[in-house]
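Novice: In terms of this note's numbering, the sequence shown has 83 at position 83, counting the first letter as 1, and numbering is strictly consecutive.
Careful: at least some of the hints might be erroneous.
As the list claims (entries may be wrong) - DEER-style ranges, computed between Cβ atoms:
1) Asp-50 <-> Asn-157: 20 to 30 Å
2) Phe-134 <-> Thr-106: 16 to 26 Å
3) Arg-79 <-> Val-160: 28 to 38 Å
Unchecked claim - Mimicking BS3-like on lysine-lysine, the simulated pairs with C-alpha atoms at most 27 Å apart in a straight line are:
4) Lys-184 <-> Lys-98
5) Lys-68 <-> Lys-81
6) Lys-184 <-> Lys-47
7) Lys-81 <-> Lys-200
8) Lys-68 <-> Lys-98
None of these hints come from the bench; they were simulated from the model. Note that beta-carbon positions come from the ideal geometry of N, C-alpha and C, so glycine has one too.
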Amino acid sequence: MKVSLFKPSKFSWFSIAITALVAFFIVAGGARAADDKKDNAATTPPKVGDTAPDFRLPYATQEAIHLKPEEQMALSSLRGKNVILAFYPADWSGGCTKEVCTLRDTFAELSKLNATVLGVSGDYVFSHQEWAKFHKLQFPLLSDHDHKIARLYGSYNETVGFNNRTVFLIDKDGVVRYSNLQFKAGDANDYSKLKEELMKLK
């Protein structure tokens, strides 16, 4: 008795290969999406008493843009100074302009308390420099374009795609001493409270 064996045609082998390839990309894409979601997930902001998460970011001042890795701003490089780390939504917006201009106008006073200001948003350094020039800002503006650092500080709003307006006061040893996760650009009380907490670190 003859046994008939099925011999796949070249077309059948091609179809199997294509199906397997598509299945591979679906699985790989799903795994990558899951990894991206995990990487992009907002974390709990550091609490008072926690060591502030370190970072390194490109930045701009009125005078220059610092893009090269060796030129970028590292939080740890500011040990020995108190740091006001201010996350804000975007350059050129009304609320953010009011916020940075208030920090600008009180910068000399803050400097006497051994403090420096770091502004952080997702804008590119080129926008930062023009904004710093326009408002004559004396402090650096850091570019966190993928919002990785904002997420690290629990300061990124996934829904709207911008940073929340938050402020962290970090002492000379890199420890968080005060935070305001709902900082209001037009509220004098928020600035007064920040200054009050800063004075405790003098």
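Novice: All the hints need checking, so say for each whether the structure fits it.
Specialist: Hints, one by one, checked against the model:
| no. | hint | result |
| --- | --- | --- |
| 1 | Asp-50 <-> Asn-157: 20 to 30 Å | holds (22 Å) |
| 2 | Phe-134 <-> Thr-106: 16 to 26 Å | holds (19 Å) |
| 3 | Arg-79 <-> Val-160: 28 to 38 Å | holds (34 Å) |
| 4 | Lys-184 <-> Lys-98 | holds (10 Å) |
| 5 | Lys-68 <-> Lys-81 | holds (24 Å) |
| 6 | Lys-184 <-> Lys-47 | holds (19 Å) |
| 7 | Lys-81 <-> Lys-200 | holds (14 Å) |
| 8 | Lys-68 <-> Lys-98 | violated (30 Å) |
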